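K.L.:
One letter stands for each residue in the lines below.
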Amino acid sequence: MGLGGLGLVTLSSPWMSALADNKSTSTGAANRVRVGLIGSGSRGCYHLGNLKALEATNNIQIVAVCDNYEPHLKDGLKIAKGKAKGFSDYRKLLEMKDLDCVLIVTPLHEHARISVDAMKAGKHVFVEKSMAKTVEECKQMYDTSIQTGKILQIGHQRCFKPSYIKAIEYIRSGKIGKVTQIRAWWHRNNDWRRPLPSPELERQINWRLYREYSLGLMTELASHHIQVANWVLGKKPVSVMGTGSINYWKDGREVEDNIAVVYSYADGTKFVYDSMISNKFYGLEQQVLGDKGTLELETNKFYSENPPKPAGILQLVNDMEKGLFSAVPIAGASWVPETASKYKGDLISLEDKADEGVLQLIGFTNAVRNNKPIPQLLEQGYHSGIWTVLGQQAIDEQKLITLPKEFNI
Amino acid sequence: MEPSSSIVIQHFNCSSMGTRFDFLTYNMDEDFFSSAKNFILNELERIEYKFSRFNKESEIFRINQFAATEIVITDDETLSLLSRCQGYYQKTNKLFDITVGRFTNTTSEDNQAEGESLPPLSTQISNPENSSNIGTDKIILDLKESSIRFSTPMLSIDLGGIGKGYALERINKYCIENRITNALISFGDSSIATIGTHPHGPYWPIGIQNGFTSGSPLHTFRLKDNSLSTSGNTPNNRMKFGNKGHILNPLNGEFQTASKTVSVAATSPMDAEVLSTALFIATGNDKSEILSRFTLSEAIEISYNQLNEPEVVDLNADPTISEKRLKLKSPLHN
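Those protein sequence lines, which keep their order, are chains Z and A. Sequential numbering of the first sequence, starting at 1, is according to this note's numbering. Sequential numbering of the second sequence, starting at 1001, is according to this note's numbering.
Everything labelled a hint here was simulated from the structure, so no lab data went into it. Since we're looking at a predicted model, the values are computed, not measured. Be careful, since some hints might not be right.
[Said to hold, decoys possible] Straight-line C-alpha distance at most 30 Å; calculated DSS-like pairs for lysine-lysine: (1) A:Lys1144 to A:Lys1050; (2) A:Lys1144 to Z:Lys322; (3) A:Lys1050 to Z:Lys301; (4) Z:Lys235 to Z:Lys175; (5) A:Lys1224 to Z:Lys301; (6) Z:Lys175 to A:Lys1260; (7) A:Lys1050 to Z:Lys322; (8) Z:Lys292 to A:Lys1037; (9) A:Lys1260 to Z:Lys301.
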């Protein structure tokens, strides 16, 4: 799949270089990347569908699927088809010799253990966000990647989304001026539950609702936008405060159904985030606010603080003042015919049709093929993982939280 | 012509109808200028408030909400404007249609105003069951009873394609009635009305630039007491509306993506605005047929080939247009 990834490589998005790999288009076994997937629930099946499509174009092969819940394993194998082996125990999967890498798409509490085991077994790892459930686990995963030399990529797919990369260019070029606040929210209106074949499966299927397995809205939703905020600013936070509660879905869950956190950066910039699951009117958005403009990243929009003045009128006034009689220029390259009934902003990028969920897998498998980690991508995942956990800690302890020194990298 | 030293330029601008509005004149009495500015600002606000379909308090919103199921009584201004739109619909071979505007929605916010996401117009047109959901002729006006209703349930009026022309007409009328002798009035350089002349020349010169390169204008309009409207797709367009553009052909529901502009100069700002859109969409003989039904000064089309080289065509130069105008006895001809 030719994507022109090199065109999108910038200092701020060096991982895009992973998309340009000549070897990916060859069909030889020597360059083939053999992939196993652990955790074929809904997200896992989404990845399997993408991997299946990439089998035809990017010289990869799905060789194994694992899930300890039989119906999910069946679903996964159905998508994988071919010669993929099925496992209910991931340790058996990791024993496969003809396996280069694994995608880990399990509940959060299993990310660290399986990732570390996989890297120690000589396999490169792609693990879904958020990185892990505790800061200790995040650090352990990071250290294991460094020590084993195995690639560890966290599933923050927005790193590969063309409109986001373009937005970062806007920011770095000063187009929106000085950024002093980032805001994001993710609002839904449902109980976040999945159907249960039987009540005994409550904690296994609805793991996101229980603190033993998940940190709820922070790890499952906020971690995406924390990663983007750090990427936008090119730095990590220095502290976080937060609050949350269960004020609507009082059904025995242990995680909040509404949260609000504020991250502070060293220069005083703030990232303000909230999430709730009892109203979806405002949906999902991440806004980057600068003194010259605003970016709305999820909707791919840029708004200038000062809508551009038509060149024609400016020149006309100038000419009149100077006693000149010359044509007022309109309809040039910068002319925008206004037909809308309200200012709708401008698109950040036209090149937004590419599926970033696919691009991140292409990047990962290319990196595996070349046995070379993708620049700076692990750091993006690590800082997001750490500060997501610290955000939950701020909510739990109701105090300002900073990063303990031992977790600096 | 006025010597530059004696020119006192008076100018104000504001945001209106989603674009920048400019009013430019010179050597006007300051009190009078202030009074004119007040009128114009109020009038712009009034028109937008009354006719924007996005404003839940607007007359158009009310009509859109109820006219499909009941007879709606409305005021003379609204009826008159809609009646003129029906005339334009016929005169442009249905290429100007005030019921397709909502299909050009580019944001989820606008779709929320509809209460739903709309399938593309092209899909609806191809389905005979849905194709009756558009058409300015489905707006049934009773001028005697001051009422309006829709003859089809899913109709919706959008005056975005004519709002600026109407506003310019209202402002123009005010200026003339109040003896403002020289002015240039502009919505975002796309819809321009002029009164009198430039202070240093016998008209207001408006130059259509090359959409891809800088340099001298490809064509210059000489405006004096008339208006100019330009519709088209330029490189910067695509950053605003995406590759599909923003002009929809009501007959097939397809967005017009051709790389070109059409500029029309006419006495009536509304005629100019309607024609610049209709002629952008029209093909072949339709263009001369449409032009023959209007009195206008100029209609210039600038199209770009694959190498971005421009070709300038005077659409009004077709000799058959004059013949058609002379022969036309249909009540459609003004």
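K.L.:
With reference to the structure, classify each hint as holding or not holding.
P.N.:
Each hint, compared with the structure:
1. A:Lys1144 to A:Lys1050: 22 Å, holds
2. A:Lys1144 to Z:Lys322: Answer violated: Lys1144 (chain A) to Lys322 (chain Z) is near 55 Å, above 30 Å.
3. A:Lys1050 to Z:Lys301: With Cα atoms ~28 Å apart, Lys1050 (chain A) and Lys301 (chain Z) stay inside 30 Å; holds.
4. Z:Lys235 to Z:Lys175: 19 Å, holds
5. A:Lys1224 to Z:Lys301: 39 Å, violated
6. Z:Lys175 to A:Lys1260: 29 Å, holds
7. A:Lys1050 to Z:Lys322: 40 Å, violated
8. Z:Lys292 to A:Lys1037: 29 Å, holds
9. A:Lys1260 to Z:Lys301: Roughly 25 Å separates the two Cα atoms, so the pair holds.
Hint violations for this structure: numbers 2, 5, 7, all remaining hints satisfied.
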